[in-house]
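Colleague: Using the sequences and the hints given, assemble the complete structure.
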Amino acid sequence: MTAAGFISRPLAMDDIERYVDTENAIAAFIGVKDRIGPEIVRLEWQEPGFNIADSSIAYFDRDGLLAGYATFWATAEKPVRPGLHWGVHPAYHTRELERKLLGWADARAAELIPRCPPDARVSLQTGARQGYAFAERALQAAGFSVRRSFYDMEIEMKERPSPPPYPKGIVTRAYCHETDLPLLVDVVRDAFSDHFGFIEESFERDLEVFRHWLDNDPYFAPELVIFPVDEATGEVVGCLLGLTQDFRDPEAGYVDTVGVRRSHRRRGLASAMLQHSFAAFWDRGTRLVHLDVDGQSLTNAVALYERVGMRVYQRYNVYEKVLRDGVELARVALE
Numbered sequence: 085m086t087a088a089g090f091i092s093r094p095l096a097m098d099d100i101e102r103y104v105d106t107e108n109a110i111a112a113f114i115g116v117k118d119r120i121g122p123e124i125v126r127l128e129w130q131e132p133g134f135n136i137a138d139s140s141i142a143y144f145d146r147d148g149l150l151a152g153y154a155t156f157w158a159t160a161e162k163p164v165r166p167g168l169h170w171g172v173h174p175a176y177h178t179r180e181l182e183r184k185l186l187g188w189a190d191a192r193a194a195e196l197i198p199r200c201p202p203d204a205r206v207s208l209q210t211g212a213r214q215g216y217a218f219a220e221r222a223l224q225a226a227g228f229s230v231r232r233s234f235y236d237m238e239i240e241m242k243e244r245p246s247p248p249p250y251p252k253g254i255v256t257r258a259y260c261h262e263t264d265l266p267l268l269v270d271v272v273r274d275a276f277s278d279h280f281g282f283i284e285e286s287f288e289r290d291l292e293v294f295r296h297w298l299d300n301d302p303y304f305a306p307e308l309v310i311f312p313v314d315e316a317t318g319e320v321v322g323c324l325l326g327l328t329q330d331f332r333d334p335e336a337g338y339v340d341t342v343g344v345r346r347s348h349r350r351r352g353l354a355s356a357m358l359q360h361s362f363a364a365f366w367d368r369g370t371r372l373v374h375l376d377v378d379g380q381s382l383t384n385a386v387a388l389y390e391r392v393g394m395r396v397y398q399r400y401n402v403y404e405k406v407l408r409d410g411v412e413l414a415r416v417a418l419e
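In terms of our numbering, the sequence shown opens at residue 85 and continues consecutively.
Hints are computed from structural coordinates only; laboratory data are not their basis.
Keep in mind that a hint or two might mislead.
In silico PhoX-like links for lysine-lysine, alpha-carbon gap of 25 Å or less [to be verified]:
1. 117 with 252
2. 405 with 184
3. 405 with 162
As the structure is a prediction and not an experimental result, all values here were calculated from the model.
Modeller: Put into structure tokens, the structure is as follows:
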């Protein structure tokens with residue numbers, strides 16, 4: 085696929101700096117405060133099962149600026165919800181690169197369908213910041229529609245929080261990354277099985293992906309993991325994974341994951357973990373903390389985060405294009 089005046093080829097690891105420049109130019113154009121650096125992009129492109137050379141397309145102008153790009157994500161064992169990340173530099177919003185990129189994604193998605201279970205519903209997923217008219221118009225014209233809204237939330241602390249005690253019978257213990265990673269993965273898999281869009285993968289696959297990220301993420305700190313334990317059984321019944329920095333904002337800490345096993349919900353455990361986490365961030369000198377959440381969370385997570393003092397500061401819409409109708413394998417409702 086070519087476009088007049090552009091050089092078209094797959095992305096390569098050597099393109100990371102130019103990719104970051106274009107991503108940040110898009111964020112500035114939209115008016116959001118997100119800015120990314122190369123470290124997390126490099127980790128993302130090196131994720132197990134993903135090959136940037138086989139799963140991307142890019143258009144460069146004559147000066148070498150990355151004018152438009154798309155990456156296609158189909159690394160799941162049952163890739164019934166492949167993901168698309170794409171963007172066009174604001175300087176080239178008038179060149180219709182979006183149609184080239186979205187057309188490329190359609191072709192890649194068509195190739196994927198034979199890998200999916202024969203009766204499964206298959207849909208291409210992508211997203212756009214709410215109010216980013218250029219992307220919204222392009223997606224609607226290409227046959228996408230909004231399926232879900234996600235919120236970026238934050239708390240800006242003026243004083244050190246006073247965390248409540250954990251529920252009766254619950255204590256916490258230190259997380260040892262060398263030995264506890266499989267247990268962390270098990271807890272996350274259980275806690276997030278009730279989240280919209282969840283499709284169970286093999287434990288080995290999830291462990292591989294977690295190991296890749298936590299072994300290499302410069303913002304991972306084991307001391308920001310909270311492991312609540314049921315004193316009666318010794319079972320780890322939830323977890324909170326904090327990161328020293330939101331990769332999009334150097335001034336903010338980040339709560340990457342917070343979840344509770346179904347057997348221990350509705351006891352205030354998630355709220356207590358969050359408030360203890362905020363206190364830990366404060367003690368590290370961090371006053372601003374972010375997290376991302378499904379805006380229509382099946383477990384009513386938004387209300388929980390608002391109760392502990394967080395607020396929505398940005399919205400992001402997930403768009404979907406149905407490629408084949410059929411049985412929905414992903415979680416879409418609570419049982």
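Colleague: Work down the list of hints and note, for each, if the structure agrees.
Modeller: Verification of the hints:
1. 117 with 252: Judged against 25 Å, a Cα distance of about 41 Å means the pair is violated.
2. 405 with 184: Holds, at about 16 Å.
3. 405 with 162: 17 Å, holds
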